[in-house]
Every structure is written in structure tokens, then in C-alpha cells.
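Kindly generate the complete structure, drawing on both the sequences and the hints.
So the sequence lines, in the order shown, correspond to chains A and B. Sequential numbering from 1 applies to the first sequence in my numbering. Sequential numbering from 1 applies to the second sequence in my numbering.
Honestly, the hints are just simulated from the structure, not real lab data. All clues given are correct.
Here are the simulated DSS-like cross-link-like pairs (lysine-lysine), alpha carbons at most 30 Å apart as the crow flies:
| no. | chain 1 | residue 1 | chain 2 | residue 2 |
| --- | --- | --- | --- | --- |
| 1 | A | K143 | A | K33 |
| 2 | A | K73 | B | K26 |
| 3 | B | K25 | A | K73 |
| 4 | A | K143 | A | K183 |
| 5 | A | K183 | A | K43 |
| 6 | B | K25 | A | K143 |
| 7 | A | K33 | B | K25 |
| 8 | A | K33 | A | K58 |
| 9 | A | K58 | B | K75 |
| 10 | A | K64 | B | K75 |
For clarity, every value in this text was computed on a predicted model and none was experimentally measured.
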Amino acid sequence: MNTVQLNDSALVTSYIAGNESAFEELVNRHKSKVYTTILLIVKDTYTAEDLLQETFVKAIHTMKSGRYNEEGKFSSWICRIAHNLAIDYFRREKRSPMITLEDGSNVFNTLSFSEESVESIRIKEETHARLRDLIQQLPAAQKEVLIMRHYADMSFQEIAEATGVSINTALGRMRYALINLRKKMSNDKTAYDQNLYST
Amino acid sequence: MIKQPMTKTFTQHDLVQYLYNELPKKQRLALEEALMVDQELAECCADLLLTQLSLEEALTQPSERVTNAIISYSKSLSLQ
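Here it is, written out as C-alpha cells:
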């Protein structure tokens with residue numbers, strides 16, 4: 001069976017029926033968004049990887065025990081598990097906001113490694129890490145909506161329900177998150193260019 | 001007399017919903033029509049869209065070790 005062409009719902013059904021390659025496809029399809037959702041909340045790559053495992057372990061048990069509810073999207077469901085675990089962890093630990101850089105193995109795991117130089121991969125990863133840092137600087141309510149909508153794939157209605165606000169408030173927060181992020185990116189680029197040309 | 005195209009007034013919230021494919025089809029089509037004639041709306045939409053696209057760059061991958069551990073765990077349960 002070519003699992004790559006199946007939609008998530010069909011993959012879940014296939015996995016529950018015992019097809020492990022369907023699960024492998026689900027993991028590969030969603031691991032990046034789930035992992036980024038967690039990382040933006042806990043701000044530590046090692047913790048994020050632990051919570052990623054915990055998220056999928058929960059999902060495995062739910063699906064294998066027949067408790068998976070087919071209503072809604074798989075991506076929203078798995079990201080919601082991840083989001084809840086990350087929030088629980090964050091509240092428990094009350095960690096100070098600091099991003100740790102990814103370890104070398106992440107860089108070497110990129111598929112495009114053979115086509116790009118180590119230097120260009122490093123620069124790209126630094127740029128991406130800077131972007132994650134700018135997301136961290138957003139006001140908490142805006143950051144929360146941005147993570148939930150963009151990475152956790154929750155609808156604005158689901159976000160409104162989960163955060164106890166109206167859908168208009170959720171939309172407004174998302175809009176300000178995008179506008180503020182744009183400003184921060186623009187300021188960040190200016191500062192970066194000034195540093196570059198002053199040396 | 002030049003006949004101006006009739007466009008509905010769209011809000012910033014509509015644009016955000018449009019970016020995330022949450023606008024009902026009828027509204028989406030009307031918004032796309034408005035984007036063709038309303039430059040201010042189009043610029044606003046483009047700004048939001050560019051930021052939205054850049055968010056994809058923040059996506060990062062977990063290590064292969066962790067991915068393999070998850071897949072192996074699932075397989076180990078199947079063998080029991």
C-alpha cells in the first residue's frame with residue numbers, strides 16, 4: 001500500500017488495522033509542526049523532544065485502544081495533545097525564556113544536507129532560530145494564538161473555545177501577532193544589516 | 001460615467017480568516033474579487049501573507065533518533 005497518497009484519516013484507519021507503515025507516514029507528515037509547537041512553548045530542544053515522544057505515545061495508545069474520535073482533523077488532534085503537554089510542562093517548571101540551539105544531529109538530519117554546504121545550513125538554521133526568538137518576543141496572548149493556529153493547526157473557533165475568548169478576539173490577536181512579527185522582522189533585519197556593514 | 005465595481009467592505013479579520021482558509025466560499029470569492037480592485041486591501045493582504053509564509057521558516061525538525069524511537073515504540077506494541 002502506498003501510504004504517501006493516503007489522507008490522514010485513511011492512515012489512521014490503516015494504522016488501527018495494524019499497518020505500522022501508516023503510522024510511520026503520520027509521524028513523518030506531522031512531526032515538524034508538532035515539534036515546533038512544543039519548542040515554541042518550552043523553549044528547550046531536549047525537553048521538546050521528550051514531550052514529542054510523550055505526545056505520540058499518547059496518540060498511539062489512544063488509537064490502538066480504539067478511543068480515537070474520527071471527528072476533526074488528525075493534525076489538530078495531535079497538535080492539541082502536544083500543546084496541552086507543553087503548557088502543563090511550562091506551568092510545572094516555570095522555566096525562564098531561553099532558547100537552546102539545536103544540536104548538531106538536527107542539522108545533519110536535514111535531507112538537503114548533500115546539496116548545501118555546512119556553512120549555508122548553519123546560516124539558515126541561525127535565521128530560523130532568530131525567527132523563533134522573535135515569535136517568543138510577542139505578547140503572550142498573541143503568541144498563544146499564533147502557535148495554536150499556525151503550528152497546532154487549530155481553527156479560530158477551536159482557539160476561541162480553548163482560550164475562553166470570542167472568535168473576534170482570537171482573530172484580532174492573530175492579526176496583531178502577524179503585524180507585530182512583521183515589524184520585529186523588519187527591525188531585526190535593519191539591526192542585522194547595520195551590524196554587517198559597520199564591521 | 002465609469003462604472004465602479006461593487007465591492008463589499010472587508011475587515012482585517014476577514015483577511016486573517018482568508019489567509020487560513022477559514023472564510024466561507026462565497027465570502028472568499030468576493031474577497032478575491034475585491035483584492036483585484038482595492039489596492040490598499042491587496043497590500044494589507046500581501047503583508048499578512050508574507051509574514052504568514054515566513055512562519056514556515058520557523059518550522060524545525062526533531063532528531064532522527066527521536067523519530068525512530070517513536071516508530072519503534074509503536075512497532076513494539078504490535079509485537080506484544
